[in-house]
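As they're listed, the protein sequences go chains A and B. When the first sequence is numbered by our numbering, its final residue is 186 and no position is left out of the sequence of numbers. When the second sequence is numbered by our numbering, its final residue is 430 and no position is left out of the sequence of numbers.
SDA-like cross-link-like pairs, simulated, lysine to any residue; straight-line CA separation at most 25 Å:
no.	chain 1	residue 1	chain 2	residue 2
1	B	192	B	312
2	A	154	B	207
3	A	115	B	260
4	A	115	B	417
5	A	154	B	406
6	B	426	A	146
7	B	426	A	173
8	A	115	B	413
9	A	154	B	408
10	B	388	A	168
11	A	115	B	269
12	B	426	A	176
13	A	115	B	257
14	A	154	B	417
15	A	138	B	391
16	A	115	B	199
17	B	426	A	152
18	B	426	A	111
19	A	115	B	268
20	A	172	B	427
21	A	138	B	409
22	B	426	A	167
23	A	138	B	394
24	A	71	B	263
25	A	154	B	264
26	A	115	B	264
On the chain A side, residues computed to face chain B include the following (Cβ under 10 Å):
no.	residue
27	100
28	101
29	111
If you are wondering where the hints come from, they were derived from the structure by calculation, not from laboratory data. All of these numbers come straight from a predicted model, not from anything done at the bench. Glycine included, each C-beta is placed from N, C-alpha and C at the ideal position.
What follows is the residue order along each chain.
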Amino acid sequence: MNYDQFLAKLKSLNEPETVSLVFNISSYFEGIKDILNVFTKDKNVSIIYISSTIPSKNIVNLLEIYGIDLKNIYFVDTISSIMMASDYSNPNTLYVESPTMLETIMIKTEYILEKYIRGDVAIVIDSINTLAVHNDSKILSEFFHLFATLIRSKNAYFIILSIKDQNTQDIKNIMSIISDEIIEVD
Amino acid sequence: MAEARKKCVTGIRGLDTILNGGIPVGNTVLISGYAGTGKTTLSIEFLVHGAMMGEKGLYISVTEDSGKLIENLITYDFFPRENIQKDIIFIDIPEIYEKLGLNKLQFTMEDINLLIENIVKIVKEFNIKRVVIDSITSICYRLETEEKIMEFILRLGKALQELGATTLMVSELLPSAKGYSQYGVEEAIADGIILMGNYERKGDLLRTIRVIKMRGTAHSRATYVLELTSIGIMLVPLLKSGGE
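Starting from the given sequences, assemble the full structure and let the hints guide the process.
In structure tokens:
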């Protein structure tokens, strides 16, 4: 679907579900901005943003430029620690030592859910491609299956980001098993 | 169908599910593991949840000054630090040794009896329902023989069970350990064993927990990953595809 159709589709999501979003590299960052904007502003939904592609600090900078309110956006940052770049100035960010610590990602997410979130929430993973760089496909499949089940039990939206050109057959299989819907954005 | 035993709800997220509702009341449970695996934190959280449920707790510190221990404790969102010493009795065992004249390296059977009597007296006096001994390994060091260790744990466990107290005994393991306790006999006598460990995968060190045995209840024997957080211990299943 084209970008406008994707935006309309995003806005029309009414029930918590697991959605895999497949972007072209050219629309990826605009996609992130619009996902966060639609959920926090239009739907009044808190976000737990799991970053394994770029450090959360860079995402925060990007969102600040776009004027997105960060108050209800929490980060589980899995990439800054291995780059020795953890920045403890943002109280909404929790760090995981490495993107290979998949169980810790689940625990930190659950911690934020229990400690901070009141009301609806969307959990965004950025991205399945970079998690696949650090983890083999078997453990990644197990992680996504378990995590998606956990998130469903919390009645939360689960948004999985990916880049079309980087989606291997293993990644497509994972998305197909756990997703209620896979949306390709042209 | 046999009547289910009354459970002591640990209050620790996930652990009560693993234990099918909690530890059977009166059980003596070894909390075994290497240094830094979270044994003391788990034991104190067990007492804290007890205090929140109105059950008086006793923490017997053998190796560390309890004041220092409390200072280094995680700050819980659900339980003010200043209440810890109000609602839980902390005793440093050197004070008991001093009082009983047990300042010696090796205990006789009489010494053991004296020590048990004293602990039981405190439990009775304060109507204690949850006991932690941290660590049993350090007490066993003074007991010299397997027979004495067995006698100590059996008699103390039985006396505390009769008083309706559930006991956690922290068991320190050395990296070279093959079983679940340093002297081997502790694990055979205890009603339950909860093993805390480290699991290394791709250079990451994950804290793990597994219930090896628990008399009086069905339980999971799977391995879980745990994190120590301000809202208490949190568990998720260890992903199995990572390989052993």
